[in-house]
Amino acid sequence: LQSLVANLASSASDIARLALLAPLQPAAELDNRVDGLPSLVFFGDIRASLSSDQGFAVLETRLKQVLLKVQSAPRHLVCAAMDQDVGPLAEALAAAMPRPEATAAAASAAAAVALDAGAALALMVPVQVNSCAIAWPVPKLGSAQAPALAVAAQLLTQKFLHPAVRERGGAYGVQARYDGSAGVFSITSMADPRLAATYADFAKSLQDIQQEDIQREAVENAILSVVKGLDRPLLPLERLHQAWEAWRRGSDEAEREQFRAGVLHCTIEEVRRALAHGLDETQARRAAVAATGLQNQDLDGLRAVDLMGAAAEAGCVDSSV
Numbered sequence: 001l002q003s004l005v006a007n008l009a010s011s012a013s014d015i016a017r018l019a020l021l022a023p024l025q026p027a028a029e030l031d032n033r034v035d036g037l038p039s040l041v042f043f044g045d046i047r048a049s050l051s052s053d054q055g056f057a058v059l060e061t062r063l064k065q066v067l068l069k070v071q072s073a074p075r076h077l078v079c080a081a082m083d084q085d086v087g088p089l090a091e092a093l094a095a096a097m098p099r100p101e102a103t104a105a106a107a108s109a110a111a112a113v114a115l116d117a118g119a120a121l122a123l124m125v126p127v128q129v130n131s132c133a134i135a136w137p138v139p140k141l142g143s144a145q146a147p148a149l150a151v152a153a154q155l156l157t158q159k160f161l162h163p164a165v166r167e168r169g170g171a172y173g174v175q176a177r178y179d180g181s182a183g184v185f186s187i188t189s190m191a192d193p194r195l196a197a198t199y200a201d202f203a204k205s206l207q208d209i210q211q212e213d214i215q216r217e218a219v220e221n222a223i224l225s226v227v228k229g230l231d232r233p234l235l236p237l238e239r240l241h242q243a244w245e246a247w248r249r250g251s252d253e254a255e256r257e258q259f260r261a262g263v264l265h266c267t268i269e270e271v272r273r274a275l276a277h278g279l280d281e282t283q284a285r286r287a288a289v290a291a292t293g294l295q296n297q298d299l300d301g302l303r304a305v306d307l308m309g310a311a312a313e314a315g316c317v318d319s320s321v
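All the letters of the sequence shown, read from the start, carry residue numbers 1 to 321 under the working numbering.
Any given hint could turn out to be false.
[As the list claims (entries may be wrong)] Straight-line distance between alpha carbons at most 30 Å, and here's what the computed BS3-like set of lysine-lysine pairs gives:
(1) K159 - K228
(2) K204 - K140
(3) K204 - K228
(4) K159 - K204
(5) K159 - K140
(6) K228 - K140
Hints are computed from structural coordinates only; laboratory data are not their basis.
Given only the sequences and the hints, what does the whole structure look like? Please build it.
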């Protein structure tokens, strides 16, 4: 808990990111409960429990219940071997690690999540610079729009966002990203002296990519960036993890080759259609870290949440912190 308090301000960007993505992908929703704003209530409960022997005993019991759930959950063992060793390795592992019998875990009342980030959040933090993010749910890998969305992210970053937000706006960095596994398209700025003006630049970049005359060379540079990411050398463990993730989402080699071919032959017209159809403004979510060191800045309609105040209200830190 002491570490949580000490690192709360420096963790603000991660907390804002989880609030942004939680409704858009299941993994982020879980991470948000564990490490995001809702976790403050949990840490407050722990802090209260540690103040008495009875509370500590209750906490110990609940932790044992969690351990039972983990031990009884389905397990997947992922490993790699040479072709001739696959069979013997699988047999040896099956013998050494038998499937656990299902164990009935005791039920426990779940604490209500008192902190809802909403669709437009500004975490007020005692720092000197902002970070801004916006995200949309979009089609996942395997869809016809996936290659164009990947190219669009690179084209937006290189031709529009970098000049506007970093070179002219003064942010340390800015990036558009297509996460095909999660089905999320996002734009994020880092160490940004602006907030409302940055969100305006995000919106203008999406307009400009539809309206400006864009040379084929710019599209090809974006394509090259996507392909470089696909062809990035991987360590054996990274390849194993990549294969596991592909298996989990039902992706096969044919789908990956189809995506690669779509990227290589992508046109500006396909990029524009993918953005126009995929980025529904009514489904956009925004989250920012707003620096309290920047006095009277325009939050652009975001709902302000005092991060340290929320932690104190949840009871995980003293109100004097």
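Evaluated hints:
| no. | hint | verdict |
| --- | --- | --- |
| 1 | K159 - K228 | holds, 18 Å |
| 2 | K204 - K140 | holds, 25 Å |
| 3 | K204 - K228 | holds, 28 Å |
| 4 | K159 - K204 | holds, 12 Å |
| 5 | K159 - K140 | holds, 24 Å |
| 6 | K228 - K140 | holds, 20 Å |
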